[in-house]
Amino acid sequence: MENSKPDKSILELLETDVNKGFRIIVEKYSSKLYWHIRRLVILHEDADDALQNTFINAWKNIKKFRNESSMYTWLYAIATNESLAIINKRTRNSAVSLDDLGSFIANSHEGSTWFDGDEVQTKLQNAILQLPDKQRIVFNLKYFDDMPYEEMSKVLDTSVGALKASYHHAVKKIENIISNG
Amino acid sequence: MKQFKEISDKNPFKIPENYFEVVNRKIIASTMGFSSEQEKTGLYRKLRPYLAVAASVIVLIILSYTAIHIFSSGYDKSALPEITLNEFSDKYLNDIDNLTLEENAGIIEPDMAHIEFSSSDIIDYLVLENIDVNEIYERL
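Taken in order, these protein sequences are the chains called P and H.
Under our numbering, the letters of the first sequence match residues 7 to 187, in that order.
Under our numbering, the letters of the second sequence match residues 411 to 550, in that order.
The hints are simulated quantities; they were obtained by calculation from the structure and are not laboratory data.
The reader is advised that the hints may include incorrect statements.
List of simulated lysine-lysine pairs, BS3-like, C-alpha gap at most 25 Å [to be verified]:
no.	chain 1	residue 1	chain 2	residue 2
1	H	436	P	66
2	P	129	P	178
3	P	129	H	420
4	P	26	P	70
5	P	14	P	26
6	P	148	H	436
7	H	424	P	95
8	P	38	P	69
9	P	178	H	436
10	P	129	P	179
Here are some chain H residues the structure puts well away from chain P; computed CB gaps all over 10 Å [claimed, not checked]:
no.	residue
11	421
12	430
13	433
14	459
15	462
16	467
17	474
18	478
19	526
20	535
21	536
Quick look at which bits of chain P chain H covers, simulated, 3 or more residues with Cβ under 8 Å [unchecked claim]:
no.	stretch
22	20-33
23	36-43
24	52-61
Think of the CB as a built atom: it goes at the ideal place given N, C-alpha and C, for glycine as much as any other residue.
Go ahead and model the full structure; you've got the sequences and the hints to work with.
Listed below in structure tokens is the structure:
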């Protein structure tokens, strides 16, 4: 199956047939990238925009991509930046804060259509949203995507030690919020 | 952390049915289309300075040719109106002051040694000038 192609063979395919190689990249990574984006931006519509922008940026720079990092971490870095761009734009343009998931979703035009969490899940998502943006990204990448710190270091351009400390503090904060909530 | 594990088994975020099939197709279509547009734009951007120089040269050539054509036609003798000798003398000489012509031309001194006048020539001249011939006889 094409999706199971390792990165190395995809890189070789990009040299000979860039269109086919890129198609495989999209099919292999779109789901993982979408959920990473979605957990950051919350709304499906915003995640959809960010996902497409991620791949457009990747396509524009595909020829510049050299095997300095893996395709996986390279794409995650682009996706993370696209997500932060949407969050920052939303913060500038909207009076509604992302701190409270329930009210944020209720005030969005997609409403609760694409969120179907129970009370406990809503509590967890609310707790995660209390974290600063970068710490939230670290928590999500480690907890939901189980990304190794070495790869996370390339995605976020931060030292492994700083990432470990950040994740440890994030877990403590979330535990406090849930237990006090 | 165990509490987190139990919670996170269910994904609270939902997506439309067949979302990834649709979005993958959309992404592939838009990126392939973007590539060809980028190539066209890239080619145009590369050629633009050369096109600008070529256009400037063509305009200069046209302006130079036009200027040369305008100035050279001002000295074209064939542009002068044709006129016959009779028309020239009637039209132009009638307006010319004969005295001015004579002054400008200078006095012509005939060679008197070669001119012979008969008596009748002299008398005819004197009569034309209203000179009384008898007065001349008396003086002689």
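Residue 536(H) and chain P, when compared Cβ to Cβ, separated by more than 10 Å: 119 Å, holds
25 Å limit on alpha-carbon distance, applied to hinted pair residue 14(P) and residue 26(P): OK: residue 14(P) and residue 26(P) at ~15 Å, within 25 Å.
Restraint status (C-alpha distance of residue 148(P) to residue 436(H) at most 25 Å): Status violated; Cα separation ~30 Å.
Interface exclusion of residue 430(H) relative to chain P, criterion Cβ beyond 10 Å: Answer for residue 430(H): violated, closest chain P Cβ roughly 6 Å.
Interface exclusion of residue 433(H) relative to chain P, criterion Cβ beyond 10 Å: Non-interface label on residue 433(H) violated, nearest chain P Cβ at 6 Å vs cutoff 10 Å.
Non-interface claim for residue 459(H), where every Cβ of chain P lies beyond 10 Å: Holds: least Cβ distance 24 Å, greater than 10 Å.
25 Å Cα cutoff - pair residue 38(P), residue 69(P): 23 Å, holds
Pair hint outcome, residue 178(P) versus residue 436(H) [Cα-Cα no greater than 25 Å]: 41 Å, violated
Satisfaction of hint between residue 178(P) and residue 129(P), Cα-Cα up to 25 Å: 15 Å, holds
Cβ contact check, 8 Å cutoff: the stretch 20-33 of chain P against chain H, three residues minimum: Since three or more residues must qualify, the claim that chain H covers the stretch 20-33 of chain P holds, with 5 doing so at under 8 Å.
Given as non-interface: residue 462(H), which should sit over 10 Å from chain P by C-beta: 27 Å, holds
Closest CB of chain P to the CB of residue 526(H) still more than 10 Å away: Residue 526(H) is indeed farther than 10 Å from all Cβ atoms of chain P, at 116 Å.
Comparing the model with each earlier hint shows violations of hints 6, 9, 11, 12, 13; every other hint is respected.
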